[in-house]
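Enquirer: Note that the protein sequences, when read in sequence, are chains A and B. Sequential numbering from 0 applies to the first sequence in numbering that gives the first Met the number 0. Sequential numbering from 0 applies to the second sequence in numbering that gives the first Met the number 0.
Mixed in with the good hints, there may be bad ones.
Which bits of chain B does chain A cover? Going by a derived footprint, with three or more residues having C-beta under 8 Å, they are [unchecked claim]: (1) 23–30; (2) 77–90.
Restricting the straight-line Cα-Cα distance to at most 27 Å, the calculated cross-link-like pairs of lysine-lysine (DSSO-like) are [claimed, not checked]: (3) A:K53 to A:K67; (4) B:K24 to B:K44; (5) A:K10 to A:K85; (6) A:K67 to B:K24; (7) A:K85 to A:K53; (8) A:K53 to A:K66; (9) A:K53 to B:K103; (10) B:K24 to A:K10; (11) B:K103 to B:K24; (12) B:K24 to A:K66; (13) A:K53 to A:K10; (14) A:K85 to A:K66.
Source of the hints: derived by calculation from the structure; they are not laboratory data. Here a beta-carbon is modelled for each residue, glycine too, at the ideal position from N, C-alpha and C.
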Amino acid sequence: MENLINELKLKVIDALNLEGMTPADIADDAPLFGDDGLGLDSIDVLELIVLLEKNYGIRLATPAEGKKVFQSMAVMAEYVAANRTK
Amino acid sequence: MRTVNIPSGTSLADLYREHVGDYPKFFKMDTACKLGFLLAELLVKEDPDRFVPREDRAVLVFSRFGSLADDRNFAASMEELASPALFVYTLPNTVTGEIAIRNKYAGETSAYVLEAFDPDQILNQICLAFQDRDTRSVLAAWIDCPNDNEWNAIGWLIELEDLLPPAGEHHCCHHHDGEEGGEHHCCHHHDGEEGGEHHCHCKENKQE
Numbered sequence: 000m001e002n003l004i005n006e007l008k009l010k011v012i013d014a015l016n017l018e019g020m021t022p023a024d025i026a027d028d029a030p031l032f033g034d035d036g037l038g039l040d041s042i043d044v045l046e047l048i049v050l051l052e053k054n055y056g057i058r059l060a061t062p063a064e065g066k067k068v069f070q071s072m073a074v075m076a077e078y079v080a081a082n083r084t085k
Numbered sequence: 000m001r002t003v004n005i006p007s008g009t010s011l012a013d014l015y016r017e018h019v020g021d022y023p024k025f026f027k028m029d030t031a032c033k034l035g036f037l038l039a040e041l042l043v044k045e046d047p048d049r050f051v052p053r054e055d056r057a058v059l060v061f062s063r064f065g066s067l068a069d070d071r072n073f074a075a076s077m078e079e080l081a082s083p084a085l086f087v088y089t090l091p092n093t094v095t096g097e098i099a100i101r102n103k104y105a106g107e108t109s110a111y112v113l114e115a116f117d118p119d120q121i122l123n124q125i126c127l128a129f130q131d132r133d134t135r136s137v138l139a140a141w142i143d144c145p146n147d148n149e150w151n152a153i154g155w156l157i158e159l160e161d162l163l164p165p166a167g168e169h170h171c172c173h174h175h176d177g178e179e180g181g182e183h184h185c186c187h188h189h190d191g192e193e194g195g196e197h198h199c200h201c202k203e204n205k206q207e
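I would like the entire structure built from these sequences, with the hints used as guidance.
Expert: The structure is reproduced here in structure tokens:
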């Protein structure tokens, strides 16, 4: 799981152009949205949905579903591990 | 009036790190928006009231290509999965929006796509912006960006006072009386003789 979390962090940093960030800067359990987290916005949610489909064959039905999946890197990794098709 | 330009080929990331550094959203912008954002930063970074919300500064952006560079990138992303982050920049006026959001400007914002760089047309639009009575400053830019690697980017910060003739001179062709006791400014564009053109700009403080 640790490897998957690290892989996801790298993909998120790249997909969202989080300049200057490294995986070490993102705590596994830190919220991705809101002032306390990475400060991602609604467009970032859509980009993360695309990331899951493109890299892991996971199709989220709605952005609302993404809200649960994208709580933190750890939650996201658990979801990917359980639902990936590639 | 202040003028800045960003030569084609400049590292925009390096320019951001040197002059800004506190606005990570910069890295999500398309190239045209990065250019507009940086031109604005360079023009207004010394403003004494930086980031105080204001409605009296208009933002006008001119180009030939509009958002074509990002349009192409977005079209390329559609071959696999369309990128929402690229889609949001597929409009020429996102440049004015990014500048206004960053600087808390709530005045006029306009984006114009011209057939070619046309100083007369640009000056005329700047003058028109000053006619709404609320506008006392215009941040204007020519941002011509056919792709992510080449561009022509120049910005101007024009204050209303810049358009006034020196004290004792009056170059205005036409002027209007404003409201009693108020002030007015005008900026007219006339066809001159033999098909030429000239511009005239003036503001009068109506004190007499």
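Enquirer: If a hint holds in the structure, say so; if it does not, say that too.
Expert: We went through each hint and held it up to the structure:
1. 23–30: Holds: 4 residues of the segment 23–30 of chain B have a Cβ under 8 Å from chain A.
2. 77–90: holds (count 7)
3. A:K53 to A:K67: Cα-Cα ~19 Å, so holds.
4. B:K24 to B:K44: Holds, at roughly 18 Å.
5. A:K10 to A:K85: Measuring from Cα to Cα gives roughly 15 Å; hence the hint holds.
6. A:K67 to B:K24: holds (24 Å)
7. A:K85 to A:K53: Holds: K85 of chain A and K53 of chain A sit about 9 Å apart, inside 27 Å.
8. A:K53 to A:K66: holds (18 Å)
9. A:K53 to B:K103: Distance of about 37 Å is beyond 27 Å: violated.
10. B:K24 to A:K10: holds (18 Å)
11. B:K103 to B:K24: holds (15 Å)
12. B:K24 to A:K66: Distance of about 21 Å is within 27 Å: holds.
13. A:K53 to A:K10: With a Cα-Cα distance of about 11 Å, the restraint between K53 of chain A and K10 of chain A holds, given a limit of 27 Å.
14. A:K85 to A:K66: Holds - the C-alpha atoms of K66 of chain A and K85 of chain A are around 22 Å apart, at most 27 Å.
The structure fails to meet hint 9 from the earlier list, while all remaining hints are met.
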